[in-house]
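Peer 1: One letter stands for each residue in the lines below.
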Amino acid sequence: MEYYLQLIVNGLVVGSIYSLVALGFVIIYKATKVVNFAQGEMVMVGAYICFALTVQMGLPFLVSFLMTLVFSVILGLCIERVILRPLIGEPIISVIMVTVGLSTVLKSLVQLFWGTQIRVFPPVLPSEPIWVAGVPIAPIYIAAFVLSGLLFAVFSLFFKYSRTGIAMRATAMDQQAAQSMGIGVKNIFALSWCIAAVVSSIGGIILGNINGINAQLGHLGLKVFPAVILGGLDSLLGAALGGLIIGVLENVADGFMQQVFSLPGFKEVAAYVVLVIILMIRPYGLFGTREIERV
Amino acid sequence: MRGKCGLFHTSYASETRFFQSGFQKLSLGLFLVLLLCSPFFLSNYQVSMLNMINIAVIGAVALNLLTGCCGQISLGHGAFIGVGAYTTGICTLAGWPFFAALLFGGLVTAVVGMLFGIPSLRLKGIYLAIATLAAQLILSYVFLHWTSVTGGAIGMGLDAPVILGMSLDNDAKMFYLTFGVAAASVLLVANILRTRHGRAFVAIRDFHQSAESVGINLFAYKLQAFAVSSFLAGIAGGLWAHYTMYITPEQFDIMLSIQYLAIIIIGGLGSVLGSIFGAVFVTLLPEFLGVLAQWAGSFFPNISMYFLALREGIFGLILVLFLIFEPEGLAHRWRLIKAYWKLYPFAH
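Just so you know, the sequences run in chain order U and B.
FYI, in the working numbering the residues of the first sequence are 100 to 394.
FYI, in the working numbering the residues of the second sequence are 1393 to 1740.
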């Protein structure tokens, strides 16, 4: 029983990072209808920039954290302006493939600068475990969970009450109507890429503190699809819950398969098996908008 | 045709003819003769490049039929090629004749492709792309972990194909096999596109609701597209497996799917000629980069250390640049060049 409790706790922590990355994905999809296959690579770039500033340049963690966020804003702006804007109005396959191309470019840049071996962040929090309900949990896990919860709260409030947030929701609902109400749709597109880059960088920094980082971190982006499909492609709440559920589910399924069938590595596909089932039963996910087609 | 300046079609049949002029027929014929003679004057290495191009052409026309013509995005073709490779390999190891194994590999892949194509009835665009991505990852997992059949991470060693007692154990002999199969696949796909089925595929891609309202059964035609496309992908896999004579699960990972999608985008979506251009371009790209790296090596001595990372990055960069500046691919550029020379001195 304790084995499974530990798995659930681990799953929640990993799941909270999935949720963060899924949040970035959903923000982009909601505002611009672009499916971003480079989300995982944006996580990786953020993590490596923070690593370079903290370890290679010796800045204090908080300073490098803030500088990474600034860098992410610039990165998001550049990606939107240079790569995505020329493709407005192109067929969906072109948009998908341009983000796939972007992801290989980002990955190879990281490999060029930092190589492929694993890099470890200096510990920011003490490593003494805290006991919660009889299960030892590292403080960094709790920090990760709390931080992503906080970010979700901030963004929910931002979308609900702030002027910009409401403009973003309007753009998501109907671009033409938003434009005619005086909302700069292009600015909203740029802003959504910035937010997505910032959120994924934070996810990357948390992950770097937990496991260390290497050039395979980008594979995380592939785990985001099951999370967002489960939650619904255009729902923030869906992204949060979807990420957590997928995190827990893949950890528990992996543990179960290992214990009962001694089948290794089921973690890699568990989420995708779930994904196929959801797509068959309820393709718009738990909270997504159901698309109705009329002739 | 004589005496006219330009092409005038008076019937649908004349418009869908492969060769619009005698010159086209002649130049293609000469080119084919040149290709068939090429093993006699090219080096072994160059012939092996031709083999890789032939195999890539088969996979590319297959994917272009499904994605370019029928509009169903597939991120799973790398894995479908893997299914063909493993099935053909297992059959020849069990002593089947080569062509029977190749056909059976294609059929098994067609069934697998149709299975993963079933969601295409309800799913479109991005959802279908993600469903086929799931197919890719699940099949990759099966290749890696079904050790008793696929050999797992260690891989599977195969023999050179034996046809009528003759072993195709060198590049030149293999060339005639891959070239024959590639030519047959290109002809098959080009002909499918001229039939009722091909026109139905294009109608589904352009607007599925109008297609359905003129009486096209969406589900049946989409499944047909998946079946034909994965059949050819399986054939490409079987040939590739017996050409490299060793297969491991990493060969058929998501990068392969992305590479085939890149081929059809660089070549031109929905164009048979484009698939061939794309296959040539993407297969020769690493060679070209290798030459470039060697040349740059005299200025930056340790560039070869970064070569692998650079190669993937440049590949992605070329894909992005093509999508931004040449979204219709090389086939479109080829048409423009032809149109320019047709009216050469008097172009305006």
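Just so you know, the hints here were simulated from the structure itself, not pulled from any lab data.
These numbers come from a predicted model, not from an experiment.
Glycine is no exception: its CB is placed at the ideal position from the N, C-alpha and C atoms.
Treat each hint with caution, since some may be false.
[Stated by the list, open to error] Some, not all, of what chain U presents toward chain B, calculated at C-beta under 7 Å:
(1) 195
(2) 269
(3) 274
(4) 368
(5) 371
(6) 391
[What the hints assert, rightly or not] Cβ pair distances, simulated, as ranges:
(7) U/357 with B/1636: 32 to 38 Å
(8) B/1683 with U/187: 34 to 40 Å
(9) B/1612 with U/166: 35 to 41 Å
(10) U/216 with B/1432: 56 to 62 Å
(11) B/1732 with U/156: 38 to 44 Å
(12) B/1538 with U/245: 56 to 62 Å
(13) B/1738 with U/187: 36 to 42 Å
(14) B/1689 with U/381: 23 to 29 Å
(15) B/1591 with U/184: 57 to 63 Å
(16) U/268 with B/1606: 57 to 63 Å
(17) B/1538 with U/100: 55 to 61 Å
Peer 1: Hints first: check each against the structure and report whether it holds.
Peer 2: Tested hints:
The interface hint given for residue 195 of chain U holds, since its Cβ lies 6 Å from the closest Cβ of chain B, which is under the 7 Å cut-off. Interface hint status for residue 269 of chain U: violated, as the beta-carbon distance to the closest one in chain B is roughly 22 Å, over 7 Å. Residue-level restraint check for residue 274 of chain U is violated (minimum Cβ-Cβ distance to chain B is 17 Å; threshold 7 Å). The beta carbon of residue 368 of chain U comes within 4 Å of a beta carbon in chain B, closer than 7 Å, and the hint placing it at the interface holds.
Proximity of residue 371 of chain U to chain B holds as hinted, the smallest CB-CB distance being about 4 Å (cut-off 7 Å). Interface restraint check for residue 391 of chain U: the shortest CB-CB distance to chain B comes to about 13 Å, outside 7 Å, so the restraint is violated. At roughly 33 Å, the beta carbons of residue 357 of chain U and residue 1636 of chain B sit within the given window of 32 to 38 Å. Range check, residue 1683 of chain B to residue 187 of chain U: Cβ separation about 37 Å, and the 34 to 40 Å hint holds.
Against the hinted window of 35 to 41 Å, the Cβ-Cβ separation of residue 1612 of chain B and residue 166 of chain U comes to about 57 Å, which falls outside the hint. Distance hint check for residue 216 of chain U and residue 1432 of chain B: the Cβ-Cβ separation is about 48 Å, which falls outside the suggested range of 56 to 62 Å. At roughly 54 Å, the beta carbons of residue 1732 of chain B and residue 156 of chain U sit outside the given window of 38 to 44 Å. For residue 1538 of chain B and residue 245 of chain U, the hinted distance range of 56 to 62 Å is not satisfied, since their beta carbons lie about 42 Å from each other.
The beta-carbon spacing between residue 1738 of chain B and residue 187 of chain U, approximately 37 Å, falls within the hinted interval of 36 to 42 Å. At about 55 Å, the CB distance of residue 1689 of chain B to residue 381 of chain U disagrees with the hint of 23 to 29 Å. Taken as a hint, the range 57 to 63 Å is violated for the pair residue 1591 of chain B and residue 184 of chain U, whose Cβ atoms sit roughly 35 Å apart. Remark: the range hint 57 to 63 Å for residue 268 of chain U to residue 1606 of chain B is contradicted by a beta-carbon distance near 38 Å.
Restraint check, residue 1538 of chain B to residue 100 of chain U: a C-beta distance of roughly 32 Å breaks the suggested window 55 to 61 Å.
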